[in-house]
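Colleague: Protein chains in written order, with this note's numbering: chain B, 1 to 380; chain U, 1001 to 1201.
Hint data in this document are derived by calculation from the structure and do not stem from the laboratory.
Model, not experiment: these values are computed from the prediction.
The beta carbon of each residue, even a glycine, is placed where N, CA and C say it ideally should be.
Hints should not be assumed to be uniformly reliable.
DEER-style ranges, computed between Cβ atoms [said to hold, decoys possible]:
#, chain 1, residue 1, chain 2, residue 2, range
1, U, D1155, B, G310, 19 to 27 Å
2, B, P193, U, V1160, 31 to 39 Å
3, U, V1160, B, Q203, 32 to 40 Å
In silico DSSO-like links for lysine-lysine, alpha-carbon gap of 27 Å or less [said to hold, decoys possible]:
#, chain 1, residue 1, chain 2, residue 2
4, B, K210, B, K275
5, U, K1113, U, K1089
6, U, K1073, B, K35
7, B, K47, B, K35
8, B, K210, B, K35
9, U, K1113, B, K357
10, U, K1073, B, K59
11, U, K1138, B, K59
12, U, K1073, U, K1089
13, U, K1113, U, K1057
14, B, K357, B, K35
15, B, K35, U, K1138
16, U, K1073, U, K1152
17, B, K171, B, K47
18, U, K1073, U, K1113
19, B, K47, B, K275
20, U, K1175, U, K1152
21, B, K357, U, K1057
22, B, K210, B, K59
23, B, K47, U, K1138
24, B, K47, U, K1113
25, B, K59, U, K1089
These are the residues of each chain, in order.
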Amino acid sequence: MRAENYQARHQPPSNEYELNFGPNHPGIEGNYALKVRLHGDTVIEAKADGGYLHRGFEKLMEQRLWIQNLALVPRICVPDPAPMELAYSTAVENLCGLDVPVRAQWLRVLQMELSRIAAHLFTFGGHAATTGMYNPMYWGVADRDVVLDLFEELTGGRVYHIYNIPGGVRKDVPDGFLGRVASTLDYLESRLPDYDNLFFTNQVFVTRSKGVGTLSQQQALELGVTGPNLRATGLAFDVRRDDPYLVYDQLDFDIPIEHAGDAWARTLVRRAELKESIRIVRQVLERLPSIPGPIRAPIPNPLAWNVPAGEYYARVESSKGELSWYVVSNGGARPYRTHIRGPSSMHAVQVLETLCKGARLEDVAQIMFSLDACPPEVDR
Amino acid sequence: MSNEISTELVCPDISQWLCHLLREVDGVTHNNRFDRRQRLDVASDALPALLTLLQGKGSFVHLSAISCVDWIKENEFELVYHVWSYEMKVMVSAHIRIPREPGRYLSVYDIYKPAGFFERDIFEMYGVYFEGSPWMEKFILTEWDGPPPMRKEFDSESWVGDHFDWQDYHPDWLKDIEAQGGGIAIRPEEQRFSRKAKDEC
């Protein structure tokens, strides 16, 4: 770390001061920082400061075989790694003209929605902690662990699954697995009233989040906001429904929206999505036993696999918003170019800077967590 | 743009509608890949007008991303602007090519605010300068003094070999295993950038 990076950007007047909010701070998600300029406790300017988690994924991927990259892609975003696998695999499948078997598509939906549930539980926990409520944090992390147990059984990995591969998925469900998923969903649903009482309707949280970090729908559209943060401004846009992939067009689910556009509304949208994801997984559990077939399409020898030249822009709806991968092949054994567009690249930079301006210092962490930003998506 | 924005599909024949709209801009070739993905190959000087048209008349209010591809053999950068219409439910990718040298182009920040992030990213990683962009400065690579690392001519492995000393990992416990015929997969003398190999060079 060089000292010059931590000098004040401007020489402030005597009644203003600068504060480095992060990169190691309980109010920041991941290793990320905000340089905050304050007048009293009011934020005059906030400047995002990234780069602490830059691992050069896009460069690394150009140097590895198409199949080797599967070990890299989920590592970009720790809380919600599954959509990364899916977006990359989808892009490769489109370049190769691979048809993913129907059963594999249902299994992918199962994984995506369980990952969304786990990610939202993690976010609720972290968000509660920003208001000094630590019980929901312990609950959220512990309940996420129950979902991770399912991932461990299905994929062998708790956090990084490497379950999607181009052409399908690696494994089918083990014996009795669907029953255990159903029990877990029942358990998680039974916990929701407890979460409501402890966190979502708690006056501490409501008072601290209502009217904080308010984003209008017009602002959200201008700033490229997607996912629950956009839906909290009243626009029911969801890639799963509006640019459908897998078998989402055969599933019955609602797109929850709120209209206030503030930290409270954003959290309520996620709370409602948790319930919708449980609803989707239940439909998968009902349909999956009657869907026969292979779980992956045949692919060439993956160690000598030249993907046809072309480019594809794959989009999925992650728990944080629109996640896109632009993948270019020149017909070689390695990707010529991969570009990752994580939803947080908007939420954690321009949106965060905009919302923090004029906010009080104690609300900065609240705004950050309500946006559910994942800084590794910014750094890549 | 208004609060009454609808996500209902307003035009079923997207390709035809888009072709009609694009008659207003010269230098655009339309390639219909499938309904929700449309590719446009655009002359570089026509792009700002095209994006203004798409954003204004075409309802493409969401700039999803700007991607840069380094075509080193052609000595060109390809810039791809992915824009999405909430009403048409279409992703249009507008492709332009610019010369690698001097590697300068116009910012579209005035049309799409998210462009500020992507242009800064491309500036850092490829060295393409966007005139009029508000943040032509470092963001991720604040402590990087080397060339733009995503350029194809930048070999990260060679750079590491040139700038860091590699150390042979040869502890006593490993020597015992090696004496019995075992050991690590790549022996120190076979490692590409081992200290020994460098000294021999």
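Colleague: Could you run down the list of hints and mark each one as holding or not?
Modeller: Results for each hint:
no.: 1; hint: D1155/U x G310/B: 19 to 27 Å; result: holds (25 Å)
no.: 2; hint: P193/B x V1160/U: 31 to 39 Å; result: violated (54 Å)
no.: 3; hint: V1160/U x Q203/B: 32 to 40 Å; result: violated (55 Å)
no.: 4; hint: K210/B x K275/B; result: holds (22 Å)
no.: 5; hint: K1113/U x K1089/U; result: holds (21 Å)
no.: 6; hint: K1073/U x K35/B; result: violated (41 Å)
no.: 7; hint: K47/B x K35/B; result: holds (5 Å)
no.: 8; hint: K210/B x K35/B; result: holds (24 Å)
no.: 9; hint: K1113/U x K357/B; result: holds (17 Å)
no.: 10; hint: K1073/U x K59/B; result: holds (18 Å)
no.: 11; hint: K1138/U x K59/B; result: holds (18 Å)
no.: 12; hint: K1073/U x K1089/U; result: violated (36 Å)
no.: 13; hint: K1113/U x K1057/U; result: holds (18 Å)
no.: 14; hint: K357/B x K35/B; result: holds (12 Å)
no.: 15; hint: K35/B x K1138/U; result: holds (15 Å)
no.: 16; hint: K1073/U x K1152/U; result: holds (10 Å)
no.: 17; hint: K171/B x K47/B; result: violated (45 Å)
no.: 18; hint: K1073/U x K1113/U; result: violated (32 Å)
no.: 19; hint: K47/B x K275/B; result: violated (35 Å)
no.: 20; hint: K1175/U x K1152/U; result: violated (40 Å)
no.: 21; hint: K357/B x K1057/U; result: violated (32 Å)
no.: 22; hint: K210/B x K59/B; result: violated (42 Å)
no.: 23; hint: K47/B x K1138/U; result: holds (13 Å)
no.: 24; hint: K47/B x K1113/U; result: holds (16 Å)
no.: 25; hint: K59/B x K1089/U; result: violated (31 Å)
When the structure is compared with the earlier hints, violations turn up for hints 2, 3, 6, 12, 17, 18, 19, 20, 21, 22 and 25 and for no others.
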